[in-house]
Amino acid sequence: MQDALPASVLHSEAKSRPTMNDAPNDSVADSSQAPPSDEKLMVDFSRGQADAFSVLFTRYKQPVFGFFRRRVTDPAQAEELTQENFLAVLRAAARYQPDALFRTYLYAVGFKILRDYRRKTTFRATFLGEQLPDREPVIEDAIEAKALIRDAVGKLERLDREILLLREFEQLSYAEIADLLCLPLNTVRSRLFRARQALYDLLAAPASQFATREFAESKERL
Amino acid sequence: MNSVTHPIAPEEVMALLDGELSQFDAQAVSAHLEDCVECASLAERLRATSQSLSEWIVPPVPSSLEESVLIHAAKTTHSPLPAMAGRSIQLSFWNWRLWAVGAGGAVTVVLVLVAIAASMIYHEDHSRHASLAMNEMVTNQDAAGNAKPQSAAGQSFEEDKQSAGFAAGHLQQMGGAGGAGIASIGALAVPAPMIARTVSLTIVVKDFAATRTLLDSIVARHHGYAAQLTAATAENAPPSLQASLRIPAPELAAAIDELKALGRVQNESQSGEEVTQQHTDLAARLKNSRETEERLRAILEQRTGKIEDVLQVEEEIARVRGEIESIEAEQQVLEHRVEFVSVDLQLTEEYTAQLNPPSGSVSNRLHNAFVTGLRNAAETVLGLVLLLEEYGPALLIWLAILGLPILLLGRRYRKLRAKH
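Sequences listed follow chains U and E, in order.
Just so we're aligned, residue 1 is where the first sequence starts under the numbering used here, counting upward by one.
Just so we're aligned, residue 223 is where the second sequence starts under the numbering used here, counting upward by one.
Please note that a few of the clues may not be correct.
As the list claims (entries may be wrong) - Where chain E lies over chain U, by a calculated footprint (3+ residues, C-beta under 8 Å):
no.: 1; stretch: 80-93
no.: 2; stretch: 113-126
no.: 3; stretch: 147-157
no.: 4; stretch: 165-175
no.: 5; stretch: 187-194
Stated by the list, open to error - In silico DMTMM-like pairs for lysine to aspartate or glutamate, Cα to Cα no more than 25 Å straight-line:
no.: 6; chain 1: E; residue 1: Lys-637; chain 2: U; residue 2: Asp-74
no.: 7; chain 1: E; residue 1: Lys-297; chain 2: U; residue 2: Asp-51
no.: 8; chain 1: E; residue 1: Lys-297; chain 2: U; residue 2: Glu-84
Said to hold, decoys possible - Counterexamples of contact, computed for chain U against chain E with all Cβ distances above 10 Å:
no.: 9; residue: Pro-35
no.: 10; residue: Ser-37
no.: 11; residue: Lys-40
no.: 12; residue: Phe-45
no.: 13; residue: Ser-54
no.: 14; residue: Ala-100
no.: 15; residue: Arg-103
no.: 16; residue: Asp-160
no.: 17; residue: Leu-180
no.: 18; residue: Leu-181
no.: 19; residue: Leu-183
no.: 20; residue: Leu-199
no.: 21; residue: Ala-205
None of these hints come from the bench; they were simulated from the model.
All C-beta atoms in this analysis are idealised placements derived from N, C-alpha and C, irrespective of residue type, glycine included.
Excised from the complex, chain U in its bound form (with noise of 0.2 Å):
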């Protein structure tokens, strides 16, 4: 699968992220033996190449779209977010300014996007009386094991699963995490320690009552 990796807790020797000071530099960076950055191809981008664009929604579309999907119940309106959220970019491209990581600045528009949709849900399904999508989306490959984590992740407190899913799968640092929800560092810190441990007893919960059926029907057989 195309999908962002999951957190480099498992890929500890994943290449290391740019830091906010990695500004692109032009004259310095050389595009023949390096990729050029993504706060470079964003400035390529406002000054007229189209072919940079490119380049960024390649790197980018599938983990915008895991962003939304893991977020959204319904996969068309994923689908439809992860269009606004690109076109949001281009629109304010001219406005750019590459003082932020590229990745930050893309799911801060993300965010807002996400806020904006639950926000107008919310408030139709409260006013409106519209009915809001189940938790679950429709499982178009359904395996258990996946239906289980999603339960897991979603019974999880809301900032606490937001801040485990920005790192988890958009591998976001802790400081860029911070930056992005208006959080200290010490709390996302925290939260996301929280969180997984919490994850972990979730997960394991549902394998220790399937030993316990499992054993109960087999004493039952003898």
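The hints should help you fit chain E onto chain U, whose structure is shown.
Below, chain E without anything else, positioned relative to chain U:
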């Protein structure tokens, strides 16, 4: 796990696995993990959790989405905005803003200038008209004054004589050029305009007491009088005087000049009301009444009728006489208004704040302030209680009507938000 048995916090184990520790801290935590089974177990649990999450995969991006976004990107690239952005992104942004703000500002400035110019033109025009009207009036008065000697012959009505004589006198007082020969006028072919003028003056003076004396002398020197005068000296306020003066019309210009010299003029206004028509009407009514009276007297002198008729004629004479006197009084008032210009004067001394010594001891003042504060607090509480008594039941009804639905909707909203 606690800090007594473990020199590192559990979050640090997580941070190590996430690559969020500095090299020094990472070495320390790694060394601890090799020795501590409990922390190694925690690390294993964290790894397992992340491993579990890796199974949550999403399908690839639909191709329709890719096409749609890339088409939009191509359109955006060919639009002039990103091309212009090549020079400077910030400049482009601010250019747009500056153009909008600049255009708006320019339009506002033009509108303000036009408004000011229109206002100035209007005022200029207005004052020119007023000036022309005044000149015309003065010219008419002069012309009337000159015309009077020429049209003096052949008029025998006593009332007209009086009227014309007064008008001529008035014009003479107003300083008309032809005023000198007016004494011999019997009547006028064209009645001269009669203007009842009113002047309003607001003057700020330095020495109120001295000015008060000067004011009396000015009024006396110009043969005027004060119809009404009020002087006030309040604490923490400048002394002031409000007076309604009556100044003979010929003396007006000189008197006004002297009054203005008393201090700094803050406000001045002059107005005039033409009462010629009213005066002419009164003169005509007076003439008719007198003729009627003469005829009635002639009838009475014949005494040919019955005694009842004689009494009836006498009653009628008495009524007509009353009417004549009333008209004469009205005429005199009107003439007085023309003869004496009404000057509404307001004098105020330039205010200088005085540092008054506190009245009463500090302890008394504190006590009084405390009592006042308590009284205010009690009144506030009482007011609140009264308000609740007065509107409480209605508020409760509205709360019951609106509160419950709002509460339910709020709960539902929060629930859905949490679910979302």
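Broken hints, numbered, in rising order?
Of the numbered hints given earlier, those the structure breaks are 12, 13, 20, listed in rising order.
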